[in-house]
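Protein chains: 2
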Amino acid sequence: MEGSHLRKDPVTQRWVVISPDRENVPRREVWTHPPDLPIGACPFCPGNEAQTGPEIYVEREPGSVRNGPGWWVRVVPDKHPILHIEGGLEKSAEGMYDGMNAIGAHEILIETPAHDQHWADLEVLQVERMLRACQQRSLDLRNDVRFRHVIWVKNYGAPTSLLHHPHSHIVASPFIPRAIEEELKGFGDHVRWKERCVLCDVVRQETAVGRRIVLKEGGIVVFAPYAPRFPYESWIVPIEHSHDFGATRAPLLRDLARAIQGTVLRIRRLLEDPPYSLILHSSPLGEFAREEYHWHFELVPRPPQVLGLEWGTGIYINPIPPEVAAERLRQVVQ
Amino acid sequence: MEGSHLRKDPVTQRWVVISPDRENVPRREVWTHPPDLPIGACPFCPGNEAQTGPEIYVEREPGSVRNGPGWWVRVVPDKHPILHIEGGLEKSAEGMYDGMNAIGAHEILIETPAHDQHWADLEVLQVERMLRACQQRSLDLRNDVRFRHVIWVKNYGAPTSLLHHPHSHIVASPFIPRAIEEELKGFGDHVRWKERCVLCDVVRQETAVGRRIVLKEGGIVVFAPYAPRFPYESWIVPIEHSHDFGATRAPLLRDLARAIQGTVLRIRRLLEDPPYSLILHSSPLGEFAREEYHWHFELVPRPPQVLGLEWGTGIYINPIPPEVAAERLRQVVQ
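Protein chains in written order, with this note's numbering: chain A, 790 to 1123; chain B, 790 to 1123.
Please keep in mind that the hints were generated in silico from the structure rather than gathered at the bench.
In this text, a Cβ means the ideal position worked out from N, Cα and C, and glycines have one as well.
Hints may contain errors.
Derived list of chain B stretches under chain A, where covered just means 3 residues or more per stretch with a C-beta under 8 Å from a C-beta of chain A [stated by the list, open to error]: (1) 803 to 809; (2) 860 to 869; (3) 878 to 890.
In silico DSSO-like links for lysine-lysine, alpha-carbon gap of 30 Å or less [as the list claims (entries may be wrong)]: (4) K880/A to K868/B; (5) K983/B to K1005/B; (6) K868/B to K974/A; (7) K868/B to K880/B; (8) K974/B to K797/B; (9) K1005/B to K974/B; (10) K880/B to K880/A; (11) K983/A to K868/B; (12) K983/A to K880/B; (13) K974/B to K797/A; (14) K880/B to K797/A; (15) K974/A to K974/B; (16) K880/B to K1005/B; (17) K983/B to K880/B; (18) K1005/A to K974/A; (19) K880/A to K983/A; (20) K983/A to K974/B; (21) K983/A to K868/A; (22) K797/B to K868/B; (23) K1005/B to K983/A; (24) K1005/A to K983/A; (25) K1005/B to K974/A; (26) K797/B to K1005/A; (27) K797/A to K974/A; (28) K880/A to K974/B; (29) K797/A to K868/B; (30) K880/A to K974/A.
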């Protein structure tokens, strides 16, 4: 069997990564906190830098040495990348089907040197550093014309995550992920009908009404969306329109760090440290960029509830109305 | 807080069921086989018919009494319905947002009187009876003009399922589920470009190539699709074009029963009795019916792998190429 490659479903036009080389990559089936490694065995801990690939981006103490300790955040290549950096796209056909090479970038953002630190306990400056790392990678990866999109995904307590040390994934892909494509259609339709950004409209209504607001930090607002798929789903959105997370300026990045950390803290307190996913939604890149898009982060605690009717049919059933979720999150004592 | 209702996300235009009355419905978080009830306590067992609502559809032994024992398959209302049968849709707005009442039907198909029976061990006649029950409910529910779609979902070993006794869900909804809508777009585009059904084209190519075929039973073919989201995902498709499962004639229903049972049996043997989902994909109803659609069933074993990058981004990573999956399924010794 050939290696990793991309295939497009002819009905839904959805691209799927077929990666036979991952069949034996260890995965855990149950969504719990990952077990801990013996001290000294964690490849993401300071002193073990040689166990990862060389750093692609780093913020470190002045005077410390490249690929050695003394860093605050560090981006390295993933050991089992879902997309590979080398080669051309080589679009191909099999009869009526379309395929291409699984070209892309898959990088790991090591978020802190501290093996045991929870995001909710990080200093704001540290969250800011990791957001800047993500931004800088987005700016760098877009120079590669093969890539149409960069996504950043943090899965805390996820089954796919075998490592306890705080880290997240940066993935540059030669296609636009389906979740972004669905939103692009919505942004496009709203602009055509109303000549306005739909998420700007949402932010205006949410701040006016207030019932679904979780918190505000300077230029960032966090709210439970009107039709959330999951209990306590929260959107973290810049109030001013911008399609490109890469263009975020330093003061807004600091507001964003505060807003994300504040939300994660409230979720941890209210729901007793649940697993969660935090995903950056930003515009596609280059010629596929769309200025009507409005970047934001989506935070979803406890995604296991996705198992049931939901994932296979696209019918989501959410027992917690967003007004209730927002009120409970607002009332968390910090 | 008001009761169950529907809300449309303004960006993606996806309808979500907000059902505050379900917050305390018991749910299990982990995808394992449900625990068993003490004998006599199962509401789906013969003799306990009074523990469910009155039967909506039944096939039973001649001479046996309505809502008593002697049935082979039985459809009853769900005790915790996600959509409610009473009332009007009452479309409403909250500022820019759209909502409506959570009107619909949510029925339980009790698939066999035998509490412990696995689908793979059922007689073909019994599988046929449950498919006929599903078909008859689809034909009846479409008389209600409030409903745009009927879906049938079987989750075996699912976390949402607290009952061990074989059963599945029939849901009629006032909106078209997102998974079907995505396909409708694909079917529509293909007809516009090629004036042919895309799934007819797929069936032609798959039967000609053969590599991804799992089995054939008369008018039904089972294959691993070219771009499967999940390992061992299998599509069960009528070879002759038809948009409406409700219109299936008796001989094809028997082929379908054989094909489904044969696939479930192979999956159980190969993957050691994994949880699985089986979902009927059929055209919307009434004025929303689309003749270019091609009904089929999608079977996905072990959906826990959906947790990870996949559910939040729409990027699916599948380590088992469909050619390998189909070959392994074909080679299962029966």
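Are the Cα positions of K983/A and K974/B separated by 30 Å at most? 24 Å, holds
Given the hint that K1005/B pairs with K983/A, does the C-alpha gap stay at or below 30 Å? 51 Å, violated
Between K1005/B and K974/B, is the straight-line Cα distance small enough, at 30 Å or below? At roughly 28 Å apart (the allowed maximum being 30 Å), K974/B and K1005/B satisfy the hint.
30 Å Cα cutoff - pair K974/A, K974/B: 13 Å, holds
Pair hint K880/A and K983/A, alpha-carbon separation not exceeding 30 Å: 38 Å, violated
Verify the coverage statement for the stretch 803 to 809 of chain B against chain A, using a C-beta to C-beta distance below 8 Å and requiring 3 or more qualifying residues. holds (count 7)
Compare the distance between the alpha carbons of K880/A and K868/B with 30 Å, and conclude whether the hinted pair is satisfied. Cα-Cα ~51 Å, so violated.
Please verify whether K797/B and K868/B have alpha carbons no more than 30 Å apart. 25 Å, holds
Hey, K797/A versus K868/B, does the alpha-carbon distance stay inside 30 Å? 40 Å, violated
Mind checking the alpha carbons of K868/B and K880/B for me, to see if they're no more than 30 Å apart? This hinted pair holds, its Cα atoms lying about 25 Å apart.
Take the C-alpha atoms of K983/B and K1005/B, compute the straight-line distance between them, and say whether it is at most 30 Å. With Cα atoms ~27 Å apart, K983/B and K1005/B stay inside 30 Å; holds.
Tell me if the straight-line CA distance from K880/B to K1005/B falls inside 30 Å. 46 Å, violated
Against the hints set out earlier in the document, violations occur for numbers 2, 4, 6, 10, 11, 14, 16, 17, 19, 21, 23, 25, 29.
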